[in-house]
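Taken in sequence, the protein lines are chains G and C. Letter by letter, the first sequence follows residues 1 to 289 in the working numbering. Letter by letter, the second sequence follows residues 1 to 289 in the working numbering.
Don't read these hints as lab results, they were simulated from the structure. A couple of the hints might just be wrong.
Cβ-to-Cβ under 10 Å is the rule here; a few derived chain C residues that face chain G [unchecked claim]: (1) Q63; (2) Y66; (3) E68; (4) A69; (5) K76; (6) E106; (7) M107; (8) V130; (9) S133; (10) R160; (11) F162; (12) I165; (13) N167; (14) N206.
With a straight-line Cα cutoff of 16 Å, these simulated EDC-like cross-link-like pairs (lysine to aspartate or glutamate) come out [to be verified]: (15) C:K166 - G:E168; (16) C:K171 - G:E169; (17) C:K217 - C:E179; (18) C:K180 - C:E215; (19) G:K171 - C:E168; (20) C:K110 - G:D23; (21) C:K180 - C:E214.
On a predicted model such as this, the values are computed, not experimentally measured, just so you know. All residues carry an ideal CB built from backbone N, CA and C; glycine is no exception.
Take a look at the letters that make up each chain.
Number of protein chains: 2
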Amino acid sequence: MIVDKLYRAVEEKGHVCVGLDTDYSYLPSAFASRFETKGEAIFEFNKEIIDRTHDKAACFKVQVAYYEALGLEGLKAYSDTLKYIKEKGSISICDIKRGDIMKTAEMYAKAHFTGDFEGDFITLNAYMGVNDSLEPFLDYIKNQDKGIFVLVRTSNQGARDFQYIKNEEGKYLYSSVGEKLQELSQDYLGECGFSSIGGVVGCTNNEEGIKLREEIKSMFLLIPGYGAQGGGAKDVVPYLINGNGGVVNSSRGIITAYKKDGSDPMDFAKAAERATVKMRDEIREELKK
Amino acid sequence: MIVDKLYRAVEEKGHVCVGLDTDYSYLPSAFASRFETKGEAIFEFNKEIIDRTHDKAACFKVQVAYYEALGLEGLKAYSDTLKYIKEKGSISICDIKRGDIMKTAEMYAKAHFTGDFEGDFITLNAYMGVNDSLEPFLDYIKNQDKGIFVLVRTSNQGARDFQYIKNEEGKYLYSSVGEKLQELSQDYLGECGFSSIGGVVGCTNNEEGIKLREEIKSMFLLIPGYGAQGGGAKDVVPYLINGNGGVVNSSRGIITAYKKDGSDPMDFAKAAERATVKMRDEIREELKK
Numbered sequence: 001m002i003v004d005k006l007y008r009a010v011e012e013k014g015h016v017c018v019g020l021d022t023d024y025s026y027l028p029s030a031f032a033s034r035f036e037t038k039g040e041a042i043f044e045f046n047k048e049i050i051d052r053t054h055d056k057a058a059c060f061k062v063q064v065a066y067y068e069a070l071g072l073e074g075l076k077a078y079s080d081t082l083k084y085i086k087e088k089g090s091i092s093i094c095d096i097k098r099g100d101i102m103k104t105a106e107m108y109a110k111a112h113f114t115g116d117f118e119g120d121f122i123t124l125n126a127y128m129g130v131n132d133s134l135e136p137f138l139d140y141i142k143n144q145d146k147g148i149f150v151l152v153r154t155s156n157q158g159a160r161d162f163q164y165i166k167n168e169e170g171k172y173l174y175s176s177v178g179e180k181l182q183e184l185s186q187d188y189l190g191e192c193g194f195s196s197i198g199g200v201v202g203c204t205n206n207e208e209g210i211k212l213r214e215e216i217k218s219m220f221l222l223i224p225g226y227g228a229q230g231g232g233a234k235d236v237v238p239y240l241i242n243g244n245g246g247v248v249n250s251s252r253g254i255i256t257a258y259k260k261d262g263s264d265p266m267d268f269a270k271a272a273e274r275a276t277v278k279m280r281d282e283i284r285e286e287l288k289k
Numbered sequence: 001m002i003v004d005k006l007y008r009a010v011e012e013k014g015h016v017c018v019g020l021d022t023d024y025s026y027l028p029s030a031f032a033s034r035f036e037t038k039g040e041a042i043f044e045f046n047k048e049i050i051d052r053t054h055d056k057a058a059c060f061k062v063q064v065a066y067y068e069a070l071g072l073e074g075l076k077a078y079s080d081t082l083k084y085i086k087e088k089g090s091i092s093i094c095d096i097k098r099g100d101i102m103k104t105a106e107m108y109a110k111a112h113f114t115g116d117f118e119g120d121f122i123t124l125n126a127y128m129g130v131n132d133s134l135e136p137f138l139d140y141i142k143n144q145d146k147g148i149f150v151l152v153r154t155s156n157q158g159a160r161d162f163q164y165i166k167n168e169e170g171k172y173l174y175s176s177v178g179e180k181l182q183e184l185s186q187d188y189l190g191e192c193g194f195s196s197i198g199g200v201v202g203c204t205n206n207e208e209g210i211k212l213r214e215e216i217k218s219m220f221l222l223i224p225g226y227g228a229q230g231g232g233a234k235d236v237v238p239y240l241i242n243g244n245g246g247v248v249n250s251s252r253g254i255i256t257a258y259k260k261d262g263s264d265p266m267d268f269a270k271a272a273e274r275a276t277v278k279m280r281d282e283i284r285e286e287l288k289k
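Bound conformation, chain G alone (with noise of 0.2 Å):
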């Protein structure tokens, strides 16, 4: 199961998630320069982060939608870059958060799970129903050593508008979505305990999220919010479980450190494996107290 793969590289490597949301504005001038197109700068930007932080984090989530502005260069980028993290046996979660029904949700999986934009986990949305859009993904979970990540609750202010509406029994929206999840993923436990269907849930540190966390305990979560969104190190510990059980996103604290550390801009890789490094530090140093 991909969750036990997952779970040993948090072990191993910290609980890091680099977030290749790689705009072309973000790569320094003179590096841009030596290339092409747009696409094969951000793909070879992509490369020298991975190259310097694939041993220090976790795994790696690709923002598609960046990519897709880019148009068709910019998915020979996004490709070029799912399968350089498998060259160097690093795990991908691809964060396209789609969500459809019957034939269509079963090509999404095709799409993602399979050729060009093969990644091991992918992010998913399920407003048209649990087992509508997630079906035709199961298989390829169950025998292809697949994961997801299925939107729970996010931290971003305009989650109020649905995801806390409370249904008659005083229950949030985020906490039916996570009892349904919760549900279906006993049938795809790993042997660590966590399940390959995983959560988005975002880092905010209350007793709500410490609820929700009880309510949803198999699942292994993608915690964005990470810097750029407010949360800390403090705000993530609720969510993990002896210490794993969760990656915690971070991208451009990460992928512009080069930008705010007075680096020389040709070394942003270098830079970024700094960031990843105190990242993955204050985040270990947390769960010690």
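Starting from the known structure of chain G, arrange chain C on it as the hints suggest.
Chain C only, in chain G's frame:
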């Protein structure tokens, strides 16, 4: 406003939205074998169908999942199909159901309203929050003649999982989604009285549907579920207002019509044309009743 163009298209050409959910297996083998790549074959198949139906259908909906499933080659066919729809003066709906926030949502807007994957309308999922998910699209709607259809209520069985959760006041989740969208839609009204912020609402003909339509009366609707998912002309009528304000999608019912009507497979485009005319007339007849 793009919604006015769509409104006029419905007036002139009827309510049919031809769904180009083109799976390679749908192509007659004698046709497919003429081309070197699957992507090329799919584009040429779409092209013949567009040629035959663009004056009998209001618009075309292209389901990106089918193209993503073929990787880069498939997305080239997707891009070519969208360009061809534009070349013919028709309206495209990119069925992408993306849903994300902040800079990622900005990237999706750029990806699908400009460049290789540019369409007139796109479909979106607002689970992460109305303003957070939709904000980056609004400027394109106002200033660049673009439109969106946001998922409100689907007609699949799994829709019950979350969309039908009642809040403390007994209001369905889909109705809360509709309410927020109806409010936002007011700032994007066209001359036709409908908004370029539209909704996706599955066609199920019942009291509840009539009530929902009343709640979101400014929204132009994209109505899936005709044919394959069991809906018929009767089920569509409650979602139209004075005979307009909605397009009805049929995909397989049109593009694989040749498999059912006994025609020569190579005449698939003529069969698609006949199926389009039949559906168009069924809806028009029903509206007269």
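*Of all the hints given earlier, name the ones this structure violates by number, lowest first.*
Structure breaks hint 14 only.
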